[in-house]
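Trainee: Dock chain B against the given chain A, drawing on the hints supplied.
2 protein chains.
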Amino acid sequence: MASGDLDRLIALLAKLPGLGPRSARRAALHLLKRREQVMLPLAEAIRRAAESVLPCSVCGNLDAEDPCSVCRDARRDASQLCVVEEVGDLWALERAHAFKGRYHVLGGTLSALDGVGPDDLSIGRLVERVAAGGIGEVILATNATVDGQTTAHYIMDRLAGLPVSVSRLAHGVPVGGELDYLDDGTLSAALRARRPF
Amino acid sequence: MASGDLDRLIALLAKLPGLGPRSARRAALHLLKRREQVMLPLAEAIRRAAESVLPCSVCGNLDAEDPCSVCRDARRDASQLCVVEEVGDLWALERAHAFKGRYHVLGGTLSALDGVGPDDLSIGRLVERVAAGGIGEVILATNATVDGQTTAHYIMDRLAGLPVSVSRLAHGVPVGGELDYLDDGTLSAALRARRPF
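Those protein sequence lines, which keep their order, are chains A and B. First residue of the first sequence: 1, per this note's numbering; consecutive thereafter. First residue of the second sequence: 1001, per this note's numbering; consecutive thereafter.
Same shape as in the complex, but just chain A (with noise of 0.2 Å):
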């Protein structure tokens, strides 16, 4: 334990998220047993990723090119825009291959508490590119908390007077979840838009 350059290891790991000191402590032990291996490959990708990667000016994801694949993708429906609160967001409706459409990145939320304002997220980039035309549609597609239903109320006012119509996610039961491990707000929620069987 005496190692500064150990202890340092072991801090820096501990600032990654899902681990804490006692499984930042593991991972260190784990890298120095497969140095070649794992290690020193880990160090290597850490610092190409750190130089390649960055975000796309069109829509803020995260790749090696700019704009990124998705917006330079033609294949994909230009006219419907889904605005989501960050990256991770985008990867998981791509990794759903839910959505064929672009997408809008806002770097996070509106949130009075954290002092976070639109001037902060790209919500003026956003209205920029409504604004500059050939799209049909944007989908908010914030969270379903209250901060990312309050900032998809504040897009939804900017975007008013714009010749777009905008849509938000659906609400409801999660597709295999159980009725009685759901909360009230869901349970509620879907009720109230329940549909035509």
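Hints should not be assumed to be uniformly reliable.
[Said to hold, decoys possible] Calculated cross-link-like contacts (lysine-lysine; reagent style DSSO-like; alpha-carbon spacing at most 30 Å):
(1) B:Lys1033 x B:Lys1015
(2) B:Lys1033 x A:Lys100
(3) A:Lys33 x A:Lys15
(4) B:Lys1100 x A:Lys100
(5) B:Lys1015 x A:Lys33
(6) A:Lys15 x B:Lys1015
(7) B:Lys1100 x A:Lys33
(8) A:Lys15 x B:Lys1033
[Stated by the list, open to error] Computed Cβ-Cβ distance ranges for the label pairs, DEER-style:
(9) B:Arg1076 x A:Glu65: 55 to 63 Å
(10) B:His1153 x A:Leu187: 53 to 61 Å
(11) A:Tyr181 x B:Leu1113: 37 to 45 Å
[To be verified] Only part of the chain A face toward chain B is listed, based on derived beta-carbon distances under 7 Å:
(12) Leu9
(13) Ala27
(14) Arg195
To be clear, the hints were calculated from the coordinates, so they are not data collected in a lab. Please read these numbers as outputs of a predicted model, since none were measured by experiment. Built from N, CA and C at the ideal position, the CB exists for glycine as well.
Mentor: Below, chain B without anything else, positioned relative to chain A:
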């Protein structure tokens, strides 16, 4: 998602214990948001630790110097030798400030299932250390698992005939533990090893 560098980073992060594919993606996004403060320092810390941190040739601990800081510390009691499975166990005992002797790291446990025999562990080296003299007590601090206890018994046999007393950690109720939540094995062991009050 189309960046090879990003995919490679996520794949390598997912190899860390405690991180799966989902948490590796979160960790990668976390790093990319903090390039200067966390990401590049982490790459450098991994590279430096991979170069500088080496197993101690005496006890098997990991340290930047050889012999390690524990083996070099003249204030420690060289007559007591605590045998542990892994470096992480040594660190746990050091954090508890419970032991002021020296250590011997086996590098694992005997395991017929995984094909780990005595020659795969530093058991021969342990016998040599004890045979060289100066050690009065060997404390077997292998885990209280089947493999750990099998290994302890095997070491006990190998040390038989050498002028050293061999002890092992007490089994019993963990401090702070509630009887109602303990397994039968621990309760039986605690009862068998009961002590006058």
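Trainee: Taking the hints in turn, state whether each one holds.
Mentor: Okay, the hints, checked on the actual structure:
1. Between the alpha carbons of Lys1033 (chain B) and Lys1015 (chain B) the distance comes to roughly 21 Å, so the proposed pair stays at or under 30 Å and holds.
2. With a CA separation close to 26 Å, the supplied pair Lys1033 (chain B) and Lys100 (chain A) stays within the 30 Å bound.
3. A threshold of 30 Å between alpha carbons decides the hint, and for Lys33 (chain A) with Lys15 (chain A) the separation of about 21 Å falls inside it, so the pair holds.
4. The straight-line distance between the Cα atoms of Lys1100 (chain B) and Lys100 (chain A) is roughly 64 Å, outside the 30 Å bound, and the hint therefore fails.
5. Straight-line distance between C-alpha atoms of Lys1015 (chain B) and Lys33 (chain A) comes to about 13 Å, which keeps the hinted pair within the 30 Å bound.
6. About 17 Å separates the Cα atoms of Lys15 (chain A) and Lys1015 (chain B), which keeps this hinted pair within 30 Å; it holds.
7. Among the hinted pairs, Lys1100 (chain B) with Lys33 (chain A) is consistent with the structure: their alpha-carbon atoms are about 26 Å apart, no more than 30 Å.
8. For a cut-off of 30 Å, the pair hint linking Lys15 (chain A) to Lys1033 (chain B) stands: about 13 Å separates their Cα positions.
9. The given range of 55 to 63 Å is respected by Arg1076 (chain B) and Glu65 (chain A), whose C-beta atoms sit roughly 57 Å from each other.
10. Between His1153 (chain B) and Leu187 (chain A) the C-beta distance comes to about 58 Å, which sits within the given range of 53 to 61 Å.
11. Taking 37 to 45 Å as the suggested C-beta distance range, the pair Tyr181 (chain A) and Leu1113 (chain B) conforms, at roughly 38 Å.
12. A hinted interface residue such as Leu9 (chain A) counts as satisfied when its beta carbon comes closer than 7 Å to some beta carbon of chain B; here the least separation is about 4 Å, so the hint holds.
13. This hint holds: Ala27 (chain A) has a C-beta 5 Å from the nearest C-beta of chain B, less than the 7 Å allowed.
14. At about 31 Å, the closest approach between the beta carbon of Arg195 (chain A) and any beta carbon in chain B exceeds 7 Å, and the interface hint on this residue is violated.
In this structure, the earlier hints numbered 4, 14 are contradicted, and the remaining ones agree with it.
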